[in-house]
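Participant: In order, the protein sequence lines correspond to chains A and B.
So for the first sequence, this note's numbering puts the first residue at 2; every next one is plus one.
So for the second sequence, this note's numbering puts the first residue at 2; every next one is plus one.
These are calculated hints, taken from the structure and not from any lab test.
Just so you know, nobody snuck in bad clues.
Using 30 Å as the maximum straight-line C-alpha spacing, the simulated DSS-like pairs for lysine-lysine come out as follows:
no., chain 1, residue 1, chain 2, residue 2
1, B, Lys63, A, Lys43
2, A, Lys57, B, Lys4
3, A, Lys46, B, Lys70
4, A, Lys4, B, Lys83
5, B, Lys71, A, Lys46
6, A, Lys46, B, Lys63
7, A, Lys105, B, Lys63
8, A, Lys4, A, Lys57
9, A, Lys43, B, Lys71
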Amino acid sequence: QQKVQQSPESLIVPEGAMTSLNCTFSDSASQYFAWYRQHSGKAPKALMSIFSNGEKEEGRFTIHLNKASLHFSLHIRDSQPSDSALYLCAVSDTGGADRLTFGKGTQLIIQP
Amino acid sequence: DMKVTQMPRYLIKRMGENVLLECGQDMSHETMYWYRQDPGLGLQLIYISYDVDSNSEGDIPKGYRVSRKKREHFSLILDSAKTNQTSVYFCASSLSVAGTSQNTLYFGAGTRLSVL
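Isolated chain A (complex conformation) (with noise of 0.2 Å):
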């Protein structure tokens, strides 16, 4: 059964500063990798997606995927007070969301 681990379970990172934030799974024929935002009461929202090895930016967002090493992360630049919440990790072996495995989440908070 695959196993989604995200580290580090809290992060406090300076207004304007870069956030890291990293997500480890155990399937190597994992072929769908996601990050999702969930603001405090909220509903968690998708982020970013992606399929295969390399790096996919959006706006201050970027994604890095390494198979090999079980690997994927999420990085912010520019970190934002709105962006404080609660960031999960997930992974699909299947290329769909129908199998979706989720990690137990990094708590996130910008300080201004």
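The hints should help you fit chain B onto chain A, whose structure is shown.
Facilitator: Chain B only, in chain A's frame:
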């Protein structure tokens, strides 16, 4: 506007009572899901529905059942609720086209259930 709507938002029940959580979506998505979220455990999949009357167990189905009679509507039922079913329940939907960007999960705002 793409939307997943959950009712009710908050619910308090006594142990042994039956619970019905309802979810609707306006995106004509084939696939719908029920998750529960507990502190320190993350999101856990209870059931998936691939279409009307086509339901599949997730990772923690025990104590739950589901019903999907219309594509846009998916219900979660707790028969004789237990205190360990106190949680936040999220419904989600997706197109689930594997290998494309159309497999994003769209979540509802959640139902906070307390079983006393």
